Every structure is written in C-alpha cells, then in structure tokens.
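Chemist: Given the coordinates of chain A, assemble chain B onto it according to the supplied hints.
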Amino acid sequence: MASKRLSHLKALEAESIHILREVAAETARPVMLYSMGKDSGVLLHLAKKAFFPGKLPFPLLHVDTTWKFRDMYAMRDAAAAEHELIVYRNPDGEAKNVNPFDHGSEAHTTIWKTEGLRKALSEFGFDAAIGGARRDEEKSRAKERIFSIRSEHQRWDPKNQRPELWSLYNTKKRAGESFRVFPLSNWTELDVWQYIEAENIPIVPLYYSAERPVVRRSGTWIMVDDARMRLEPGEKPEMRRVRFRTLGCYPLSGAVESDAASVADIIREIIESNASERQGRLIDSDTPSSMEKKKQEGYF
Amino acid sequence: MAAEKALLRLVACGSVDDGKSTLIGRLLYDLGTVPDDQLAALERDSKTVGTRGGELDFALLVDGLMAEREQGITIDVAYRYFATDKCKFIVADGPGHTQYTRNMVTAASNADVAILLIDARKGVLTQTRRHAYILSLMGVRQVVLAITKMDLIGYDRAAYDKIVSDFVEIAAALELPRLAAIPVSGVSGDNIASRSASTPWYDGPTLIDLLEGAEPREADRNDQPLRMSVQSVVRPNLDFRGFAGRISAGAVKPGDAIRILPSGRTAKVARIVTADGDLPEAVAGQSVTLTLDHEVDCSRGDVIAAADAPCEIADQFQATIVWMSETPLYPGRRYALKIGATQAHATITDIRHGIDIETFEPNQARQIEANGIALCNVSLDRAIPFDPFERSRDLGGFILIDPDTFETAGAGLIHFALRRAHNVHWQALEIDRDAHAAIKGQRPAILWFTGLSGAGKSTIANLVEKKLHAMGRHTVLLDGDNIRHGLNRDLGFTQADRVENIRRVAEVAKLMADAGLIVLVSFISPFRAERDLARNLAREGEFYEIFVDVPLAVAEARDVKGLYKKARAGELKNFTGIDSPYEPPEKAEIRIDAAAMSPADAAEKIVAAISAARS
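Chains A and B, in that order, give the protein sequences.
Throughout the first sequence, residue numbering follows the working numbering, covering 74 to 373 in sequence.
Throughout the second sequence, residue numbering follows the working numbering, covering 106 to 720 in sequence.
Isolated chain A (complex conformation) (with noise of 0.2 Å):
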C-alpha cells in the first residue's frame, strides 16, 4: 500500500487541520495570531482548508507595534479584505511612543508584542489563541505543547504542562486560563518553505532577494524602511542584495545576503546555509535563556 502514504506534507497538513478543527470546536472564543510572516501564511492557508466550504470560525488578531515593515502591513490590508481582522495596538506604547531606539529592543518588545497580546486577549475575552510558533525554532519550545495552558495572568508554566497523548487535546480550564494553540508545533522551517512552494502560499517580497537600502548593525544588515530610522553617527544606508529568513519590526529584523529570489531558491539556500533562523532576531540573543524568559511572561 505504499501507493497510499502521505508525504510527509500532506501527513503536517492533516494534522494541522485537525488540531485547528478541535480549537474552533471546544473554545469558546479563539482567535487566530496573524503577523504576515511565511508561517502566519501557512497557518492561515491551513485553516481555510481546515474549515472549507465554510469560512473561518474565529477572526485574525495583529498585535501591531507599529514598527513592522511596509510591505507586511500591505499583507496584512490584503488578508483583512478577506477576513474579519482585528488590529490591536497596545495603548500604553502608543502614549509613550515606545520605539526601540530610545526603548531598547527589550522594552520594545515587551510592550507591544508581550504586554499588548495579553492587554489584546483579555480585551477582546479570548479563551484560545492560535500562533504560528514551531518546536524547531528555539530549545525551550522544543517541549512546548500543542494546547499549551496560560494561567489568568497568562503566564507559561513549564512544569505544570498537561501530558498530550495521541491526538487528544485536554481543553478544559479553569476561568481566566487560557489556551495557546501550535497546529505547526511539528514543522520544521524547510517543511513550512516546501510547503509554501507545493501550495502557492502568498508571502511578503522581503523573503525574496533585492536590492534593499541597508546599514550593519550587531553583524546583521538592518533595513531602512522608513524615515523614522535613526542612524548612528557615521552610518550610511547602502543598498544590498539582501533578504530576510524572519520578519519582525524592521529596526530589529537582521536581513542576510542572498541572491535567493524565488521559494526554490529559497529552499535550496536553506539546505545549503547552516545558519538558523533565528538568528537574524536580535531578540533572542538579549540575554541567556532569553525566550524561554519572554515565553512564561506571556510573550508567543
């Protein structure tokens, strides 16, 4: 019968459906995060086809900061026409004009992304949050669960996760708790670009190579986007062919040089790089053990 074997495309995908499937059936408010990256794309195609005819049960939720690529918000006008899509900036970043250049990319960070999700969801009531986050990025969300539960302060517990077996979910909770949902806990970077090929997925253009207006910064190429980007003495903006592996806000978002200029580029540049995604986020590297910090603080 090996006629009859998934791929292990189709064998991600079934999954993910399924586990977008039983959130939409027993929360009773989720909301799907969409922040215009290659694995939002993918979680969003997944749950049209999770839920086909049909559209999709629950609303898409940015949680801006303002910072973002161009490009990205022009995904995000063009994902909202299609669905219902909530844009939620947090109100103590938008009075203190929160930035990272005089913030810091910490504080930056953990103001809008961190604090405006948990000011967002609790906001709006959701019970379920559906992210894009995958065990391959980072170590300590290599033992991340599926339905991972958040208590009323949205705070991660990495000892007092529930044991997932099978492919039952335990969704039960107690009020205030919460869940974050991870339908790509299992894919890995290359299988979300092979996918993004197979299916003709949309993505932003700064994943494809260009000639872009650039400085160096921390070993890593920093875009200027816009004219809020400040520049240090005697930086100059020089134009490379670069492009990105991560996106995030274009002042912490660190592009490589690259002549990768479709998805099979892409693919085949990642099989042949040896350096991992996240190591274009100038996040990540804050401090030790940095992301396993930020994610018991509520952050995705």
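If you're looking for bench data, these hints aren't it; they were derived computationally from the structure.
Careful: at least some of the hints might be erroneous.
As the list claims (entries may be wrong) - Mimicking DSS-like on lysine-lysine, the simulated pairs with C-alpha atoms at most 27 Å apart in a straight line are:
1) Lys122(A) - Lys373(B)
2) Lys83(A) - Lys358(B)
3) Lys121(A) - Lys358(B)
4) Lys245(A) - Lys121(A)
5) Lys121(A) - Lys83(A)
The model shown is predicted, which means the values in this text are computed figures rather than measured ones.
Modeler: Just chain B, lined up with the frame of chain A:
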C-alpha cells in the same frame, strides 16, 4: 533533498546517563541539522557547562530548559526534528528518570518506532524492562535496541551479544515483534551515519538506515475498515452539510456505505470535499469533509465507520490505566473521559490488579498512585463507539481528566467491552419519577449536609426534617447511623473507602429522590469530588449543598462523641480535620455559620432558603 518524504515518529528511551541526549544530539549533528550559529553556541557551552572536558558535548544540543540544564537531567518530553533524503523524523525524547513513567508513555503514544538505549557497561537494568514494557503497552511494535557507549568497553563483541540476548528474552515476553540491535557510540559516532571500523564484527545497517526502514503505522491502518471521528459538522449554507474529521483507519470513496455510531444509522458517501477539490478516495491520516447521500443525524463525537464492519459500542469496558496525577485514582470517583472527539463521564468501578512494570507481574491495588499502571473496569454514563487499543490508538486510547483540577490525570487503553450496549435494555418505566412526586404533591430534593464531625450537621438536619414533616412533606434522612451500620458496613475509613462510602450514599439519595422523596443526607463528605458526583447524579435544581461551617477548634472543643480526643491520641486514624483533609465547598447553595447560629435558627434559615428557591 527530496520534497516527497515519509513522516516517521520516533521515541527515544533510555535510563539516565545512557547517553540518550548525546545520541540524539549526534544524529542531529551527523545529518547536518545543526546550524552554524547553534554549533558555535555548542562549542562555547561545551567548554563552560559541558561534561566532556571541553570536547563537543552533543547532549547540550537537546537539553533545552534552564532548570534541567542546571539539574543535568531531562525533565519532560521534548520534540526534535531531523530529515534524511527519504524520511522526516519527529523524535519524542522520553526521559529515563524513575518517576517519569508518565512522560515515557506520553512520548511513546504517537511513535511508529522506538530507539531503546542500553549502556554497554551496565547491560539490561530494571529501567530497561520498564521501557520495554511501556513500548509494548503503548503498541510500539518496531524497536531498535541501541547498545551505547561501545567505545567505553573497547567494542567488546561478547559483552554486546550478552546484552542483546538478555533483551531478546524480555522482548519475547512482551511480544515486541520487530526488533533490531546495533552497537553505537554517540560520542564517537560509531554506526550512526556510517559503519564503524571499530566494530568489524557488526555487519548490519547503520542506525539511520534502520530508522529509515521503519514503517509508519498508517501503513497497516489502510487495510482496516473505515473509521473517522467526526470533529465538526460543516454547514456554511442551507445547501451544504458535511462532516469534518481525520480518517483514522481504512479508506473511503464516494458511494461507499457507511454507518454512523452510536446511532447505527446508515448512508452512502456522496462527496469527499477538500479545499483542493473533491477527492476520488481518501486514506488513513487525511483530514477531509464527507457529505452523505441523504440527511442523517450526525454530530461531533460520532464515528463514521464502514457499514459492514462498524466498531463496537459499549458503556463498560476493561482497560489498562496509566496514572499521571499526584492525586491517586480511587475507584468510584468520577472523571471526564475523552476519546477521539467523544467525551463522557467515567468511573473506575474496579481495580482488578496493579501491574509491576519491572517484573510484569500483577499485584494487589486498591488505588493507583502517580506513575502506577493497573488493569481496571471502567463504566461510562453513556455508550460510546470504540475499537480495542491494539487495533486503533485513535479509537482505543483515552485520557481521564480530573473534574476538579482539569489536569490530565491518566491515560487508558481499552481492551474489550464488558457489556455490549445492545444487551442493555433499560426497563421502560411507565410510572416515572414525576408520577411518584405528583402523588405526594411535592418536588423531590436532596439536601446534602457537609461539614466537620461535631459541626452540628445531624442536629440541624433532624430539625429541618421535623419542620418539613410538619409541612406535610415526605422526607427521609440518611446519616452515618443508618448507612455506616448497614449498607456500608464493609467500608473502613481509608481514602478509597471514604470515596466509595459517599458514592453509595449519593446513588441511594438519587434513587430515593426518583421515588419522589425529599432526601436529607448528613455526612462529613470531606472531598469536593464526591459531593460533585452526588450533585451530578441529581436532577438539575434538585440538589442543595448545605455547608455546616465551624472552625476546627470549635468542633474539637464540642467533641460530643469524644472522637477528636481519640484522633489526637492516635487511636483513630484518618480522622477528618486531624489527619485527613476536609475540602470546604466552593459553591454551596446554603452556608450555615454554626459557630454563631443556633441549630433552630439554622433549620429555619435552611427551610426558608429552599422554599424561596422553589417558589
């Protein structure tokens, strides 16, 4: 690297210090899965926290959480990923520490194939037997036995052969059918990605070749009859009604006759709908939406099965239970059970025996502690469709959820039905409970008095009964005197017996309420779970939990029966409030502050509150 690969799920098990993390780290390293920046971090960490004197310590690639890095042990199930040209592997890393049976079971639950590690210097240990038992229990039928640290015994063939033959004996006892053995070293990489010159006497495949040769378990599920647990009903508009789910066994084509369980209704498959267009056929593992040729009742939790080979339906079965909660499992306590997309309430009616996972022998057990395994009889509040676990993990494996804490308290594997649902015919009762109550001109109720010994429960309950009697109500009072000396005289005061005591009282109270009576129950009933059980048995709106609340010091000072004194002197064991806990109600309908209120006032207040609630 090919885009089309098979997906294989692998569980790695071994004792602490068998070098499991090192072996997995080595696999990741040899397959080029470790990116340069992580490799740089590895080199740095190997020098600072490594255990190999500055050499590359591959274990550091997989030991993730801060806490365990400090403790130097793996404390939970972690998942890793690597791929070869033919396969993508998902590795569940099950820890080897004694107290972590639950993690091992979790890690093995989805595995197609297992790597079981044995330290060449130590040979088969009790932990090895434990791992082998769990693999067998969880239905992992393909096992690669990796004898590790061969470099440390000078690649001694005789020692290797001895370990393998010791293990083959265990494997035979446990019916682990597909077994391969291989000598390896995670540190030196022998026989992992390529054959080692140090073991010329070993002529088998490399570890990676062995793993690639494993079969995903879907392979044999395709030959079975169709099974699909319905996750949801898809109704985007009036013209479309589909049933969404993931096929757990068999294959389906349009036109196939199916049966919906538990109702037993039949229909034919009209279409297999997906976002990529209708499919001519779908197979095990696929997530699809089926439409049927005519409108039939079918909802979440139902199972769509081949019409001529449906699964069984039962409300009682025998199952092996693996306990995971720190609170032991007691027979009689109620748990939420989840299997496929179905949920039910479950009670363990009988622990037939515990299982010693080192000797594989049965032993006596009255309760199951965390990490314990036992063969049990399970009873549900309704009949559900299932397959025996050995045929289907999806329809034979369940979890038990604690109704109080909502933790995943245990996992179960169904062996067979004890009583098939079609043999059960509830007597059609022509005189129903409403008729009983009507003849008395009253509405049945259960007044459940709970509180410490000496709180005044029975005194107050007696006064309430007198008042109700004076109002022309037909009542009955159940208390320790008339239950403990009769119906429950076989029960003592252990935690397990207390649970059973209250379960029986709750059932009796329910029957009497069905007979139309107002039932007053006066029992310490210290555990919330049992009081909730009683509440769940009762009809909505007919159960009143009355908390007779006094501070322990007040009850002890009263000590009407001299029991506290005896308990303090150690003459009475398991006495509530002294050496056994009392869990105060969180949602009692009525609370009596019995330190401040006289019994007569309390009775007045209770009757008034109940009359008000029912008018």
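Chemist: Holds or violated: Lys245(A) with Lys121(A), Cα cutoff 27 Å?
Modeler: 26 Å, holds
Chemist: Take a quick look at whether Lys121(A) and Lys83(A) sit within 27 Å of each other, Cα to Cα.
Modeler: 15 Å, holds
Chemist: Below or equal to 27 Å on CA atoms is what counts here, so check Lys121(A) against Lys358(B).
Modeler: Distance ~23 Å between Lys121(A) and Lys358(B) Cα, so the pair holds.
Chemist: Against the 27 Å threshold, does the CA-CA distance of Lys122(A) and Lys373(B) hold or violate the hint?
Modeler: 24 Å, holds
Chemist: Can you confirm whether the C-alpha distance between Lys83(A) and Lys358(B) stays at or below 27 Å?
Modeler: With Cα atoms ~19 Å apart, Lys83(A) and Lys358(B) stay inside 27 Å; holds.
Violated hints are absent here; each numbered hint is respected by the structure.
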